[in-house]
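Protein chains: 2
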Amino acid sequence: MKEHPTVEVCFSPKLYKYKLTKTPFTAVIVDILRATTSICAAFDHGVRKIIPVAGLDEARDMKNKGFTVACERNGEVLDFADMGNSASDFRRDDLKGETVVFSTTNGTKTIHLAHDASEILIGAFVNIDALAGYLIDKNENVVIICAAWKNLFNLEDSVFAGALSERLLSHGFTTVCDSALASVDLWEKAKNNLKGYLSKSSHRNRLKHLVSDEDFNYTVTLNVTGVVPHLKGENLVPVSSAF
Amino acid sequence: MKEHPTVEVCFSPKLYKYKLTKTPFTAVIVDILRATTSICAAFDHGVRKIIPVAGLDEARDMKNKGFTVACERNGEVLDFADMGNSASDFRRDDLKGETVVFSTTNGTKTIHLAHDASEILIGAFVNIDALAGYLIDKNENVVIICAAWKNLFNLEDSVFAGALSERLLSHGFTTVCDSALASVDLWEKAKNNLKGYLSKSSHRNRLKHLVSDEDFNYTVTLNVTGVVPHLKGENLVPVSSAF
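Going down the list, the protein sequences come from chains W and H. In case it helps, the working numbering puts the first sequence at residues 1 to 243. In case it helps, the working numbering puts the second sequence at residues 1 to 243.
The hints are simulated quantities; they were obtained by calculation from the structure and are not laboratory data. Where hints are given, some of them may not hold.
What the hints assert, rightly or not - Below, computed lysine-lysine pairings styled on BS3-like, alpha-carbon distance capped at 27 Å:
#, chain 1, residue 1, chain 2, residue 2
1, H, Lys150, W, Lys22
2, W, Lys191, H, Lys189
3, W, Lys208, H, Lys19
4, H, Lys195, W, Lys189
5, H, Lys14, W, Lys22
6, H, Lys191, W, Lys189
7, H, Lys19, W, Lys195
8, H, Lys65, W, Lys19
9, H, Lys189, W, Lys200
10, W, Lys17, H, Lys195
11, W, Lys14, H, Lys200
12, W, Lys19, H, Lys195
13, W, Lys14, H, Lys19
14, W, Lys200, H, Lys191
15, W, Lys19, H, Lys150
16, H, Lys14, W, Lys17
17, W, Lys208, W, Lys191
18, H, Lys14, W, Lys150
19, H, Lys109, H, Lys150
20, W, Lys14, H, Lys150
21, H, Lys19, W, Lys150
22, H, Lys200, W, Lys189
23, W, Lys19, H, Lys14
24, H, Lys19, W, Lys189
25, W, Lys150, H, Lys150
26, H, Lys200, W, Lys19
27, H, Lys200, W, Lys17
28, H, Lys189, W, Lys19
29, W, Lys138, W, Lys22
30, H, Lys19, W, Lys17
31, H, Lys208, W, Lys17
32, H, Lys22, W, Lys208
33, W, Lys109, H, Lys14
34, W, Lys195, H, Lys191
Unchecked claim - So the derived label-pair ranges between C-beta atoms look like this:
#, chain 1, residue 1, chain 2, residue 2, range
35, H, Glu3, W, Asp93, 47 to 55 Å
36, W, His4, H, Lys17, 32 to 40 Å
37, W, His209, H, Glu3, 20 to 28 Å
38, H, Tyr18, W, Asn192, 25 to 33 Å
Keep in mind the model is a prediction, meaning the values are calculated, not measured. From the three backbone atoms N, C-alpha and C, an ideal C-beta is built for every residue, glycine too.
So that you can see chain W by itself, here it is in the shape it has in the complex (with noise of 0.2 Å):
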């Protein structure tokens, strides 16, 4: 057990890379708008295990053998395809025990860039506190790593890894990295009224026919759920209360 792990941000895929951090450690994927976000609600649903996969192809391919499948693209759900990827799309409760395919170019992508990590884990601002506390019960060096808007920076997610590194630096993580020291300072700039400060971003603006009114309050409301996902092999479960 580490006396003090450190908290390292990547603001984009692009940089992970370059990360000071050595192993081991433990990565947390974000995709605010919206896969971390959703994959949060399904499990916090029952959703029992999410396959999560990049391309169309594979998403058509998985609901030919019979899998309950999220996909859509620009807002439509695929012809194919079960449901949509948004949050809404999950908070029902017949899918409790499922296995549900999510397609997820981003997302995917993002969790196969961090296979040097010891454990994979899902944020978003719903399941925060969870989150924060298994990592801290863990001990081990983290590197949040923000899906990002076309591999641009974006607001949401980097906000949402200032809330991430704010808990864990107020419990004797360290950091020796400039972006965890910014994001924290969004994060402070933006907590009194998160809805109004993600409204300015690009992202959201973008997202705004995509993204309902409901799916974005649910989005930005801390705590929801207390459900913590990883990756086990190559899917998503949600962790067990002990590791």
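Following the hints, put chain H in place on chain W, whose structure we already have.
For chain H alone, coordinates are given in the frame of chain W:
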């Protein structure tokens, strides 16, 4: 002339190729610690022309050709060089009218990266208002490129990007870039105690033995000079008052 030119910020050279701004645009290169601050200091003290070079071999070749060469590595002036790369190396009067070869691996790479810009300018806190005035008069889209530290986000370049973005946004520029929005918020947080704020930067801590207190004080002082350096061919020279 554009009615509402845009401002965009790249937090790392590695994110430059994903930028949103189309040509034509003006690029501002930022390497606060230390290249762009030192380049401004040099012109402020009468240097006529700076030839930026990336590598040591190139710097040594230029010395053999009779040029005055500023070149150091790890805080040590190289044996063949005339001076180091600190701002204080240029704050002297005997370089008036001279051409100086300036060795900066990061800075030179970042300058060459921006070859698709209509003009490449050099920015630092010491020339910020002159630079902002020039950009506002020119009224073209602007992309601010942080040289970063080992390709990772750093606080000093990003906070400068925020200070410059704030000036442009308050003079009719617009943005759809989350990095610009975030950098403005970081500047807001930093501006009342810039030195204190940047002292927490990991890069500053790493450079502590390379950057003297005197140099650091100079670096965080706004508007020491009215000079605006730009690239002309392969060389840096001050822009003439009219363009």
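Verification of the supplied hints:
no. : hint                           : in the structure
1   : H:Lys150 / W:Lys22             : 15 Å, holds
2   : W:Lys191 / H:Lys189            : 15 Å, holds
3   : W:Lys208 / H:Lys19             : 21 Å, holds
4   : H:Lys195 / W:Lys189            : 20 Å, holds
5   : H:Lys14 / W:Lys22              : 21 Å, holds
6   : H:Lys191 / W:Lys189            : 15 Å, holds
7   : H:Lys19 / W:Lys195             : 26 Å, holds
8   : H:Lys65 / W:Lys19              : 40 Å, violated
9   : H:Lys189 / W:Lys200            : 18 Å, holds
10  : W:Lys17 / H:Lys195             : 30 Å, violated
11  : W:Lys14 / H:Lys200             : 25 Å, holds
12  : W:Lys19 / H:Lys195             : 26 Å, holds
13  : W:Lys14 / H:Lys19              : 13 Å, holds
14  : W:Lys200 / H:Lys191            : 22 Å, holds
15  : W:Lys19 / H:Lys150             : 9 Å, holds
16  : H:Lys14 / W:Lys17              : 11 Å, holds
17  : W:Lys208 / W:Lys191            : 21 Å, holds
18  : H:Lys14 / W:Lys150             : 13 Å, holds
19  : H:Lys109 / H:Lys150            : 12 Å, holds
20  : W:Lys14 / H:Lys150             : 13 Å, holds
21  : H:Lys19 / W:Lys150             : 9 Å, holds
22  : H:Lys200 / W:Lys189            : 18 Å, holds
23  : W:Lys19 / H:Lys14              : 13 Å, holds
24  : H:Lys19 / W:Lys189             : 25 Å, holds
25  : W:Lys150 / H:Lys150            : 22 Å, holds
26  : H:Lys200 / W:Lys19             : 19 Å, holds
27  : H:Lys200 / W:Lys17             : 24 Å, holds
28  : H:Lys189 / W:Lys19             : 25 Å, holds
29  : W:Lys138 / W:Lys22             : 17 Å, holds
30  : H:Lys19 / W:Lys17              : 19 Å, holds
31  : H:Lys208 / W:Lys17             : 26 Å, holds
32  : H:Lys22 / W:Lys208             : 23 Å, holds
33  : W:Lys109 / H:Lys14             : 18 Å, holds
34  : W:Lys195 / H:Lys191            : 25 Å, holds
35  : H:Glu3 / W:Asp93: 47 to 55 Å   : 53 Å, holds
36  : W:His4 / H:Lys17: 32 to 40 Å   : 37 Å, holds
37  : W:His209 / H:Glu3: 20 to 28 Å  : 26 Å, holds
38  : H:Tyr18 / W:Asn192: 25 to 33 Å : 31 Å, holds
The structure fails hints 8, 10 (numbered hints given earlier, in ascending order).
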